[in-house]
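*Asks:* Sequence:
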Amino acid sequence: MVQIVFYLFVLFTLGSALAVLLTKNVLYAAFFLLLTLLGVAGLFVLAGADFLAVSQIMIYVGGVLVLIIFGVMLTHKTDTAKTDYTEPNFILTKHRSWLWALLVAGGIFSVLYRALVRGNFVLLNQGEPSYRSTVGTIGRQLMTEYLIPFEIAGVLLLVALIGATTIAASSRTK
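The sequence shown begins at 1 in the working numbering and counts up by one.
Everything labelled a hint here was simulated from the structure, so no lab data went into it.
Do not take every clue at face value.
[To be verified] Pair ranges (Cβ atoms, derived):
| no. | residue 1 | residue 2 | range |
| --- | --- | --- | --- |
| 1 | W98 | V64 | 23 to 33 Å |
| 2 | E151 | L11 | 33 to 43 Å |
| 3 | M73 | G154 | 19 to 29 Å |
| 4 | I162 | Y113 | 15 to 25 Å |
From the three backbone atoms N, C-alpha and C, an ideal C-beta is built for every residue, glycine too.
Please work from the sequences and hints to get the whole structure.
*Replies:* The structure is reproduced here in structure tokens:
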């Protein structure tokens with residue numbers, strides 16, 4: 001049963017990722033990206049990485065994707081001659097050469113394939129996995145051992161947010 005659910009999540013994730021690539025509407029691509037990230041979070045749950053699944057949803061779906069959708073929806077068109085707002089937003093790209101993309105993708109695939117084939121996966125040979133939650137352990141370590149780096153990362157993100165807001169506000173007033 002777990003394998004069937006796993007394959008359903010894989011098909012769901014790959015299908016929505018393919019839809020991100022094939023759609024020409026940026027807003028639809030953002031919504032398909034939402035489905036892709038939720039599918040990846042489901043795969044993390046099935047792998048027993050519950051902290052990564054919650055982090056995936058909180059950070060990527062909750063933060064980054066909402067930021068992308070707001071960015072797409074709040075940008076104004078620079079072409080003032082067009083006043084038809086019923087058209088979807090398109091970002092046109094020029095496909096120059098597929099050769100370099102295929103070479104890079106083939107190289108990455110061959111490296112990952114060799115790593116998977118030569119890898120010694122000890123956990124797969126242990127039999128039935130134990131599904132213990134890692135959230136408590138990671139939370140304890142974040143609040144004890146890694147408190148200073150955690151706080152520094154929070155302050156840096158706050159400074160970046162304030163800087164981005166200041167830049168955006170100063171560009172709107174000009």
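*Asks:* Against the structure, test the hints numbered earlier, and report the numbers of the ones violated in rising order.
*Replies:* Structure breaks hint 4 only.
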